[in-house]
Each structure stands twice: as C-alpha cells, then as structure tokens.
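Here the protein sequences come in this chain order: R and C.
Take any residue in the first sequence, note its place counting from 1, add 22, and you have its number in the numbering used here.
Take any residue in the second sequence, note its place counting from 1, add 536, and you have its number in the numbering used here.
Quick caveat, the hints were computed from the structure, so don't treat them as lab data.
Just so we're clear, the structure is a prediction, and the values are computed from it rather than from any experiment.
In silico DSS-like links for lysine-lysine, alpha-carbon gap of 30 Å or less:
#1 Lys-633(C) to Lys-98(R)
#2 Lys-272(R) to Lys-621(C)
#3 Lys-762(C) to Lys-702(C)
#4 Lys-272(R) to Lys-75(R)
#5 Lys-98(R) to Lys-578(C)
#6 Lys-98(R) to Lys-631(C)
#7 Lys-633(C) to Lys-272(R)
#8 Lys-35(R) to Lys-168(R)
#9 Lys-631(C) to Lys-272(R)
#10 Lys-168(R) to Lys-106(R)
#11 Lys-159(R) to Lys-29(R)
#12 Lys-60(R) to Lys-272(R)
#13 Lys-30(R) to Lys-218(R)
#14 Lys-357(R) to Lys-75(R)
#15 Lys-31(R) to Lys-142(R)
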Amino acid sequence: MRAVKIKKKDLAKFLKAIEPFGELWGPVKNGENYSLSKIESFSDIKTEALRTKIPFKKLFTPPEFPMYSFSEEGMKEELSDIPKRVIFGLHPCDIHAMMIMDRFFTINYEDPYYMERRRKTAVIGYSCVPDDLCFCKTTNTSNVEKGFDLFFSELTDSYLVWVGSSLGDDMVRGCPELVDEEVTHDDLERYIKWRKDRESKFSLNMDFTGMPGIVELSYDHPIWEELGEKCLSCGACTIVCPTCSCYNVKDEVELNTVDGKRVRQWDSCMFREYSMVAGGHNFREARAERLKLRFIHKLQAFVGAYDEPACVGCGRCIDTCPVGIDIRTVGLRLKGEEVKV
Amino acid sequence: MMNCACANEQRNPLTPEPFRLIRTYPLNDDVHFFQVRAVDVKMAMNLNYRPGQFMMVSLDGIGEAPFSISSTPSRPGLLEFGIRKVGNVTNRIFKLKENDIFGVRGPYGNGFPVENMTGRDLVIVMGGLGAVPLRSLLLYALDNRDQFGKIYLLHGARRPDEMLFKEEFFHMMNRDDLICHLTVDQDDTGAWPYETGLITRLFGELKDIDPNNTCFAVCGPPVMYKFVVAEILKLNVPKHQILMTLERRMKCGIGKCGHCSIGGYIYTCLEGPVFSYWDVIHMKGLI
Numbered sequence: 023m024r025a026v027k028i029k030k031k032d033l034a035k036f037l038k039a040i041e042p043f044g045e046l047w048g049p050v051k052n053g054e055n056y057s058l059s060k061i062e063s064f065s066d067i068k069t070e071a072l073r074t075k076i077p078f079k080k081l082f083t084p085p086e087f088p089m090y091s092f093s094e095e096g097m098k099e100e101l102s103d104i105p106k107r108v109i110f111g112l113h114p115c116d117i118h119a120m121m122i123m124d125r126f127f128t129i130n131y132e133d134p135y136y137m138e139r140r141r142k143t144a145v146i147g148y149s150c151v152p153d154d155l156c157f158c159k160t161t162n163t164s165n166v167e168k169g170f171d172l173f174f175s176e177l178t179d180s181y182l183v184w185v186g187s188s189l190g191d192d193m194v195r196g197c198p199e200l201v202d203e204e205v206t207h208d209d210l211e212r213y214i215k216w217r218k219d220r221e222s223k224f225s226l227n228m229d230f231t232g233m234p235g236i237v238e239l240s241y242d243h244p245i246w247e248e249l250g251e252k253c254l255s256c257g258a259c260t261i262v263c264p265t266c267s268c269y270n271v272k273d274e275v276e277l278n279t280v281d282g283k284r285v286r287q288w289d290s291c292m293f294r295e296y297s298m299v300a301g302g303h304n305f306r307e308a309r310a311e312r313l314k315l316r317f318i319h320k321l322q323a324f325v326g327a328y329d330e331p332a333c334v335g336c337g338r339c340i341d342t343c344p345v346g347i348d349i350r351t352v353g354l355r356l357k358g359e360e361v362k363v
Numbered sequence: 537m538m539n540c541a542c543a544n545e546q547r548n549p550l551t552p553e554p555f556r557l558i559r560t561y562p563l564n565d566d567v568h569f570f571q572v573r574a575v576d577v578k579m580a581m582n583l584n585y586r587p588g589q590f591m592m593v594s595l596d597g598i599g600e601a602p603f604s605i606s607s608t609p610s611r612p613g614l615l616e617f618g619i620r621k622v623g624n625v626t627n628r629i630f631k632l633k634e635n636d637i638f639g640v641r642g643p644y645g646n647g648f649p650v651e652n653m654t655g656r657d658l659v660i661v662m663g664g665l666g667a668v669p670l671r672s673l674l675l676y677a678l679d680n681r682d683q684f685g686k687i688y689l690l691h692g693a694r695r696p697d698e699m700l701f702k703e704e705f706f707h708m709m710n711r712d713d714l715i716c717h718l719t720v721d722q723d724d725t726g727a728w729p730y731e732t733g734l735i736t737r738l739f740g741e742l743k744d745i746d747p748n749n750t751c752f753a754v755c756g757p758p759v760m761y762k763f764v765v766a767e768i769l770k771l772n773v774p775k776h777q778i779l780m781t782l783e784r785r786m787k788c789g790i791g792k793c794g795h796c797s798i799g800g801y802i803y804t805c806l807e808g809p810v811f812s813y814w815d816v817i818h819m820k821g822l823i
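This is chain R alone, in the form it adopts within the complex:
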C-alpha cells in the first residue's frame, strides 16, 4: 500500500483542503467523553480520543431516521438528502467493526439505507495507543490493512498516511503542497519503534479462539441465570457496541391522521418486547434468555456466518455496562476463568 507523509502542523490545512469530499466528522470532547461529531472548527478535533461513546454506526444507521414518508399523494423514499461525509479519526477496531457491518448489511439483501450513507462516506483512520480497556490486540483487530480511504499513523512531527483507496488517493493528490511523497528509512524505523511501543501497552486480553464450541456447550450454563439476575435490560451494551445493528420499525402519523412516516430506530435484544409476537407470546421472556442470545450471537453464530466473532475489542461495553456484564468478562467466565462480575 502506498504511503505518504503529511506534517502534523499541516493537519488543519489538509482537512480544509479535503472539504469538497464531504462534511467532516471527528472525535470531539463532550463532557467526560468523546463523541463523533460534525466538525465546526478544526481545533475541536481531539486526536488523542480513543473510543467515542457512540461508535461510527450512528452515521450509517442513525438511531432514528425516516425510511419513507406517506401522504395522500403517495410514498416518498427518504434516501435523497444524504450528505457526503468524511469521518476522520476512526481507530483500527472501529474500522474492523465497520467492515463487519458492511458485510452484514450487504449479505443476502443489500440494505439501501445503510449502504447509501456508507457509500457517501470517506473514512480516514487514525492510529491510537491503547488504554486499560482496549483488548483489540487479542481479538486481532488492532491493525488494519483495508477498510479505509486514508489512514494516519502518528510519527514524531508528521503522519505516515496510508492510501487505501482510489478516493483516498484523490484526497492526497488534491493538495500536493502538503504531501511529502518521500518516505525514508528513518521514517520506517520510527514507525516500527512506535508499533513496538504500542504493542507493549496492551494490558487486557481476551482470546476468543475456540469460543463457538465453548458457547455451544454452555447453553445450559448457570452463568446465564446469574447474569440475568444482575442485568438491568437497559440495552446500553447494544447501543455502544460497534457491531450491534438491530432495529425496530414504527409509523409516526401527523395530527391530520393521513400524513406520516415510517421510522426506523435502534432496538436492543436486551429489551423485553424484542421477541414478542402479536398475541403476546414472547420467545425470550427471561432476561437470562436475552443475554444468552446476545452472547451466542456475538461469540458463536457470527463466527459460523462470517468466520470471526462480532467483537473487535473496543472496550465500550466494559466502559458502559452499569453492572459489569461485558463481552470480555462473559467470555472469560465461559472459558472457566475466575473473574468477578
């Protein structure tokens, strides 16, 4: 893959130069957290941000959006006003999660609402140094070789910029005055040293190897009842998870009772109504059943369907669950290790 260099002090200039590629989104500070937001001023971008509270998925499958509107005149598909965007600052774990989402939303049937937004979005990745919640090294998602248009690796005073697509190439070719095509042996050494340092900073492990079989045999494990007692069914884990994508559909009608829209909104398999059918029968009435569904899906079923678990080690569920039920803890418990939930 081609790599070029851009000076760190020129980052704002570069982001200005790529304005024609779409509205810029990046990590900004929001109270104690970082959030992926539309950038009004380049100085708002926090390149040190690790996980944004809500991941990139909110741009491709927004928490709530109209699928189409209806009125006396007919139906109007809501797919035309989607802006071109550039997401700056996605880390390798999120890019892996995005590739999982891309596969999920195109397999069998292509979801036009996800794909229209996705196709109009350029992705600029950004290197990161792990904190004490990151376990992407052991989920093999701490590096990316594809899935981005550009990827910025921090060297000392400049960035090594990997060009991952034709669109990314257009971006760097658009501002030759900011781009240094000459990547030297010193740069390579700096990059290798930086990688080594980064690798040494991971403190959390979770090896999902062999999980499908373990999960299969754990169908009647007492852990599900135990966690079901603790779980609040709040759904926060599914909201922050970059590979969770379940949704609900509802109709919203104006007061004139005729005009309205069909709206899609995030749903959660943790919610009681999730598997309830008309007439009131609930296929997953117990919290323990719903928890089990989620972890079977992430750790076993996904491996069967996509050859990898639906976890990229981003640490969001560890950070978010109010009662300490996260995918790593559950995985370790199923593997027979002593961890306190």
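Dock chain C against the given chain R, drawing on the hints supplied.
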C-alpha cells in the same frame, strides 16, 4: 394511492408495493380470508414464490407484519392470506374493504423445498391457523398432481366452528387423488360429519406409508409440534423429511433487524420459516 418512488430502478427491498384488496370474507370468528393483487399488472403476473414463503403487509400509519401466503404459485395473479385478528396491524387489515389499496412486499423466507419433495408421498399435517401456509403447499401439490406420489391431508381444528377453509377441505374428502382426514378436538355441535379427537389420532391412517419415500409438512399451534413429531418419528421417517413452518417477530424480512433470530444463529426470515426436524434438534430454541 401509493406510488413506488423507485419504479424500474433497483428495487428498495424495504419499501412496499401497492396492492388492491380483491375480496375478503370470514373463515371463522377471528380469521378472515384476504385475496389481493398487485396494482401493477406486470408485477401481479410475475410475482413468483414458493409454498411456505411469507409477505410483509404494510399499512401506512400502522405498521407492517409478516403473513404466510396461503395461495399457490401455480395459480399466478392473486395472492391469498388467512389472517387472525390479534394486534394493531391485523385490526386495521380487518377494516380494509374490497378495492382498498395498501402495501405489500416480499416474498421472503425459504419456503418448502418442493423440488426435493416431488416424486415422493406427501403428508400434510395442519392444526388451527397452520392450515393457512400449508394450504399453499396442498394446492401446489394438487395442481402438480403428477409430480407427487400419494398425498395425505391430516387436518385438526379445536371445534367445528373454528375450522378454516371448511368448504374447500370438505370438498377434498370427495377427491380420489387425495387421502383426507379431518378431525376436531371437540364436537359441541353434534353435527360434525368427520372424526373427533386430537390430530395425533389420525396417525393410525398412515401405517402403510414408506417412511423413506415420504415427506411430512407440519404447521400448527406450538403445543402441537411435540406430539405430532413424536408420532411421525414412530413411523421411522428420516428427520430431514419432516418439515415444519415456524413463527417469529419480524420487522424487515431480509435478515437485518434481528428480531427473528433463533439462538443467535438463524434468521427465520432468511433460513426459515420452514425448518426440518433435523434443524430443530441441532439448533437450540427453534421450538
């Protein structure tokens, strides 16, 4: 009237097409029959599906819900449903009148693997609302009668007034290309002309089947499966030749919304709703 915003373009699989209600009448107190047709003539004639597949019926301002197709693809042009009034969407569907326009999208799901069922004997076991999807398979097999061996219909309803497609199935009793047994759990009318007792009682009529050359198709209330499958297994029918169609909550029909997932593995809307008994025993949580 609804217009498709994307006519002739690559179709958005999540937006319904306008359909017209052709006729509707009650099948019993809770279940009504709905015969519908795509407004677009080309679409009406080209809509291809398999017995066992389902469509999403969509009412603007109320929502969508999945319904099994009860008609057979061997009679193109019209789609038929048997719908039980049970929630918001169905309450509104029951208020539709002939010529009303509403939305339909699909077909979805795997349907019955009819290619693998031809050349064999076929036993259709339907209880209650299970008559709706299995009527599609029954009519399909009768329309392609030369492709099947013996065809059996075992039908159970709770009471005579609850039986669906009564007239149609009574006529089946007179056909000589079909072995038909109808039963009700209880006959409170005293006028029921056929058998009385649970559907499992009818299995006495199947003693002579060749288990290796017979396919079973089963649909009924959840409680029925366990007992019916036990009877079928007693006949030594291979597990993959016992097919059943299941129900789950669905919002999309295309394997994205997540609700119909079974055991985290299987999206009922893609890999179902027809499953074999072999699927059932190695996928936890199916029935």
